[in-house]
Amino acid sequence: METNYLTWLLLIPLILSLAAFAARWLKGFTRPVVEAAHLLSITLVLLMSLLAVRDVAASGQILSPGHWLHVDALSAIFLLIIGVVGFLAGLYTLSYTRHDLESGEFDLNRLSLYYGLFSLFLFTMLLVVTANNIIMMWVAVEATTLGSAFLVGIYGHHSSLEAAWKYVIICTVGVAFGLYGTILVYSDAVNVMQTPGTAVLWTEIVKNAKALDPSLLKMAFVFVLVGFGTKAGLFPMHAWLPDAHSEAPSPVSALLSGVLLNCALLVIFRFGIITDLVVGPAFTHTLFLIFGIVSVAAAAFFMFVQRDIKRLLAYSSMENIGLVVLAFGLGGPFAGLLHALNHSLVKALMFLTTGNILIKYRSRSLDQIKGMLQAIPVTSVLLFVGAIALVGTPPFNIFVSKFLIVASGLAAGYVWLMLLSLLLLSVVFAAFFKVISSTLFGEKPDGIAKGEYGWLTLAPAAVLIILILVLGLTIPPQLNSLLNQAAKLVSTNLVNSNLGGTSFAQTNSAGLLPGLAEVKAWLTPLVSWLP
Amino acid sequence: MSSVTLVNSLSGLLILTSLLVIEVKQSRMSAIMYSIQSVVLVLIFLALAYITGAEQLYWWAASAFVTKVILVPLLLYRALSQAAEAEMPRNALGPTLSFVMAAIAVAVSFVVINQIQLKAAVPFKPALAVSMAHFFFGELCILTQRNLFKQVLGFCLMENGSHLTLALLAYNAPELVEIGIATDAVFGVIIMIVLGNQIYKTLHTLDTGKLNTLKG
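Protein sequence lines, in the order shown, are assigned to chains A and B.
Just so you know, we're using this note's numbering here: the first sequence kicks off at -11 and counts up by one.
Just so you know, we're using this note's numbering here: the second sequence kicks off at 33 and counts up by one.
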């Protein structure tokens, strides 16, 4: 299905970002103008994203004229994440920046810069997930760094400038590897297809993938994984992540952790699909398994020793991105994609809650945040629910996706790897247990007054709690269908090429591959309650 | 000398000019050396345009001349001129080690590129290996330099390497693609320079070794 509104989906936040930048010259009106532009931007992005997701669910995929923009079931999930998390973090940011204005952290010029960059950041992420042109995909990923670097360093403190520098330099260098991989894939595609205009389109490369050069594709995928893996925060290319995510304003941290990392993952998965078609899934799956489990392991131990609450959450993002990649390595894209969505919602909730803590305590140190139940009781409940959801406690959504990842691993025969994963997840559980016990209870420090900052700092988080609870209890049929379509996109080639591997989509609808009957019998009662 | 040999020989010059960018003693001279290197890149684009008959490569050459020979070096020269030479942090590698690392990068890239079976790449395999080596050499520069703006130059070297690969393997890409990549690269450098200037004004140093408050 061809449509024009994909172009508008990109143009709207871009135009409104320029409006916010320009509002600095409207002395006296700067704040209402930037806030109005911002509200309009996040609302329209949400509505148009939902519209696109609905159309994809109905027709399989949508394309812009010329086919440079494209949304299929796979990217629809990421578009949904941008729309929902972008809207809720954007709503929260209104009260957060008002506090920054009151406390003197922001003046009106900086406010206008902030809102301009916020919409620009949304635009760049939307471009990543909708780009069908693989080189524009790279351009978009690079643009996310450039668009968000000043957001990370917006306060201009020593630590925030340091974080912004590390972010720019590490990600730009990392993503340059991605460009190299992209060029290799394109040059091979153009060699095969002889039409430069179409050889640059992902949808066309997939159609002609079987004729591509296997050794070149393997090399290209390694470049892509290292390059975009840097942006996704995979170990050992993660060095920028805890700094940038902790130093950015909390609503921006929510976008960085909940949305941006996923955008980079989508690009890796896009190239993974092409590579699987050419060389079979064993190559990408092995790399995914290695990078996934190592990221989970490293993050778990960094979290355990962490005393800065935002850095701890940043490492938690690394752990969860590792889990998503691990799920793909196990041949369980359904579980991986569901986990990407679930993690985005919970992590946005956690960072917004941390914003409330920062407003009240002016510190991220777990040694100074005490007695939250006395000082900010509603935020305490939000933090508690977010933390238990994040570690995978029922009835919240992450329990379901973590369970499905482990089930996919067991179904694929990776028993020891799953045991190791569960062990690592118990370390994560212990890390969050320490956070809860240390912050919620005890006496609040002297000088900390009781009371929340305002309803707007609580409402977006409350909506997120409702969403994670609903997704924990049931996966709505439309979402289930979208996830199944996306999982099939990733794993269709595995079935066609008879090279093995399973996905939850397959286990859910078509049955496990031969040889795994016992595991299936064991798993069936456990997964039968799922839609 | 055939045109193909000319392209391969000019590509070799890129590595030489990279060594100069990294090892030249006066920091601001690095920006001039980078500009000279970009002239070599522009010449390669022109030679490739002549060989392949691809008109868009003339445009690539023109845009590279404006951005890489003039604009980016000018910005970097000004950025590097704001601090006194004595304040400039030094390179962790000496010239000999840099030369050895460059040689290793070229050798490894030759081995890797040899495995590529692309028909279009066969005559330009030496240039392709050099472009890949150049990319790695740029990264090495970022890892070993402690000067903020020399790290930006490292990124510029990487970018020149990938730009050459793009020209050798994908010169017929839609023009908007090249414009996108070039714009992104120039914006990347400008943003790094603005951020570097902000760091220098706030922290009064260009030494990345002193950006060490965030740990763990």
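Source of the hints: derived by calculation from the structure; they are not laboratory data.
Note that the structure is a prediction, hence the values are computed from the model and not measured.
Backbone N, C-alpha and C define an ideal beta-carbon position, used for all residues, glycine too.
Mixed in with the good hints there might be a few duds.
Partial list, derived from the structure: chain B residues whose beta carbon lies under 7 Å from chain A [stated by the list, open to error]:
no.: 1; residue: 143
no.: 2; residue: 147
no.: 3; residue: 152
no.: 4; residue: 155
no.: 5; residue: 176
no.: 6; residue: 198
no.: 7; residue: 206
no.: 8; residue: 225
no.: 9; residue: 229
no.: 10; residue: 231
no.: 11; residue: 232
no.: 12; residue: 245
Only some residues are given here: those of chain A computed to face chain B with a beta carbon under 7 Å [as the list claims (entries may be wrong)]:
no.: 13; residue: 124
no.: 14; residue: 464
no.: 15; residue: 467
Calculated lysine to aspartate or glutamate pairs in the EDC-like style (CA-CA distance at most 20 Å, straight line) [to be verified]:
no.: 16; chain 1: B; residue 1: 247; chain 2: A; residue 2: 355
no.: 17; chain 1: B; residue 1: 151; chain 2: A; residue 2: 440
no.: 18; chain 1: B; residue 1: 233; chain 2: A; residue 2: 355
no.: 19; chain 1: A; residue 1: 195; chain 2: A; residue 2: 93
no.: 20; chain 1: A; residue 1: 15; chain 2: A; residue 2: 90
no.: 21; chain 1: A; residue 1: 206; chain 2: A; residue 2: 296
no.: 22; chain 1: A; residue 1: 15; chain 2: A; residue 2: 93
no.: 23; chain 1: A; residue 1: 422; chain 2: A; residue 2: 355
no.: 24; chain 1: A; residue 1: 358; chain 2: A; residue 2: 431
no.: 25; chain 1: B; residue 1: 157; chain 2: A; residue 2: 201
no.: 26; chain 1: A; residue 1: 438; chain 2: A; residue 2: 355
no.: 27; chain 1: B; residue 1: 247; chain 2: A; residue 2: 93
no.: 28; chain 1: A; residue 1: 195; chain 2: A; residue 2: 23
So, going through the hints one by one against the coordinates:
1. At a threshold of 7 Å, the smallest CB-CB gap from residue 143 (chain B) to chain A is about 12 Å, leaving the interface hint violated.
2. The closest approach between the C-beta of residue 147 (chain B) and any C-beta of chain A is roughly 5 Å, which is under the 7 Å cut-off, so the hint is satisfied.
3. Hint status for residue 152 (chain B) relative to chain A: holds, with the closest Cβ pair at about 6 Å, below 7 Å.
4. Nearest Cβ of chain A to the Cβ of residue 155 (chain B): about 14 Å, over the 7 Å cut. The hint is violated.
5. This hint is violated: residue 176 (chain B) has a C-beta 13 Å from the nearest C-beta of chain A, more than the 7 Å allowed.
6. Hint status for residue 198 (chain B): holds, given a least beta-carbon distance of 5 Å to chain A, under 7 Å.
7. This hint holds: residue 206 (chain B) has a C-beta 6 Å from the nearest C-beta of chain A, less than the 7 Å allowed.
8. Restraint check, residue 225 (chain B) versus chain A: the minimum CB separation of about 11 Å is more than 7 Å; hint violated.
9. The closest approach between the C-beta of residue 229 (chain B) and any C-beta of chain A is roughly 11 Å, which is over the 7 Å cut-off, so the hint fails.
10. Because the beta carbon of residue 231 (chain B) sits about 5 Å from the nearest beta carbon in chain A, less than 7 Å, this interface hint is met.
11. Proximity of residue 232 (chain B) to chain A is violated relative to the hint, the smallest CB-CB distance being about 10 Å (cut-off 7 Å).
12. Taking 7 Å as the C-beta cut-off, the interface hint given for residue 245 (chain B) holds, the closest approach to chain A being about 5 Å.
13. For residue 124 (chain A), the interface hint holds, since its Cβ comes within 7 Å of a Cβ in chain B; the closest pair sits about 6 Å apart.
14. The criterion of a C-beta within 7 Å of any C-beta in chain B is not met by residue 464 (chain A), whose closest approach is roughly 37 Å, and the hint is violated.
15. Against a cut-off of 7 Å between C-beta atoms, the interface hint on residue 467 (chain A) is violated, since the closest Cβ of chain B lies about 33 Å away.
16. This hinted pair checks out: residue 247 (chain B) and residue 355 (chain A) have alpha carbons roughly 17 Å apart, not beyond 20 Å.
17. Among the hinted pairs, residue 151 (chain B) with residue 440 (chain A) is inconsistent with the structure: their alpha-carbon atoms are about 66 Å apart, more than 20 Å.
18. Pair hint residue 233 (chain B) plus residue 355 (chain A) does not hold up; C-alpha atoms about 32 Å apart against a cutoff of 20 Å.
19. Using a Cα cut-off of 20 Å, the hinted pair residue 195 (chain A) and residue 93 (chain A) is violated, with the two alpha carbons roughly 52 Å apart.
20. Our distance criterion of 20 Å between C-alpha atoms is met by residue 15 (chain A) and residue 90 (chain A), whose separation comes to about 17 Å.
21. Among the hinted pairs, residue 206 (chain A) with residue 296 (chain A) is inconsistent with the structure: their alpha-carbon atoms are about 39 Å apart, more than 20 Å.
22. Between the alpha carbons of residue 15 (chain A) and residue 93 (chain A) the distance comes to roughly 19 Å, so the proposed pair stays at or under 20 Å and holds.
23. The straight-line distance between the Cα atoms of residue 422 (chain A) and residue 355 (chain A) is roughly 11 Å, inside the 20 Å bound, and the hint therefore holds.
24. Distance hint between residue 358 (chain A) and residue 431 (chain A) is fulfilled; the C-alpha atoms sit about 6 Å from each other, no more than 20 Å.
25. For a cut-off of 20 Å, the pair hint linking residue 157 (chain B) to residue 201 (chain A) stands: about 16 Å separates their Cα positions.
26. Between the alpha carbons of residue 438 (chain A) and residue 355 (chain A) the distance comes to roughly 19 Å, so the proposed pair stays at or under 20 Å and holds.
27. A distance of roughly 24 Å separates the Cα atoms of residue 247 (chain B) and residue 93 (chain A); the hinted pair therefore is violated under the 20 Å criterion.
28. With a C-alpha separation of about 45 Å, the suggested pairing of residue 195 (chain A) with residue 23 (chain A) is violated against the 20 Å cut-off.
Checked against the numbered hints above, the structure violates hints 1, 4, 5, 8, 9, 11, 14, 15, 17, 18, 19, 21, 27 and 28; every other hint is satisfied.
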